[in-house]
Amino acid sequence: MIKFNKPTNASDEAEIPAFLVGAVICRFLFKYRSMGKDLMVHIEANSLNDAMVKFATHYHLVDEVYEIANVSQNGT
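Be aware that the sequence shown starts at 1085, since it is given in my numbering, and climbs by one per residue.
Honestly, the hints are just simulated from the structure, not real lab data.
Built from N, CA and C at the ideal position, the CB exists for glycine as well.
Please note that a few of the clues may not be correct.
Unchecked claim - Restraint-style ranges between C-beta atoms, simulated for each label pair:
(1) 1153 <-> 1118: 28 to 38 angstroms
(2) 1157 <-> 1120: 26 to 36 angstroms
(3) 1144 <-> 1113: 28 to 38 angstroms
(4) 1124 <-> 1157: 29 to 39 angstroms
(5) 1145 <-> 1108: 29 to 39 angstroms
(6) 1134 <-> 1157: 29 to 39 angstroms
(7) 1108 <-> 1147: 29 to 39 angstroms
With the hints as constraints, model all of the structure from the sequences given.
See the structure below:
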């Protein structure tokens, strides 16, 4: 049985599935406003769509997302 290291993103506690090994992982920066504070978070995902789903399921009481940037080293 192959074991995988935990993802570096603390908000994602699942192990990396076998089908994602070798897949391109992108890093997205979300800047958002919540309860009058401007905040930001990095989310790692396969695509912008996956990153938006992770953001929506992990972050609540968000008033506005005002910027999403792909900050991956490879620029994909």
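To see whether the hints hold, each was checked on the structure:
no.: 1; hint: 1153 <-> 1118: 28 to 38 angstroms; in the structure: violated, 18 angstroms
no.: 2; hint: 1157 <-> 1120: 26 to 36 angstroms; in the structure: holds, 33 angstroms
no.: 3; hint: 1144 <-> 1113: 28 to 38 angstroms; in the structure: violated, 19 angstroms
no.: 4; hint: 1124 <-> 1157: 29 to 39 angstroms; in the structure: violated, 18 angstroms
no.: 5; hint: 1145 <-> 1108: 29 to 39 angstroms; in the structure: holds, 32 angstroms
no.: 6; hint: 1134 <-> 1157: 29 to 39 angstroms; in the structure: violated, 18 angstroms
no.: 7; hint: 1108 <-> 1147: 29 to 39 angstroms; in the structure: holds, 32 angstroms
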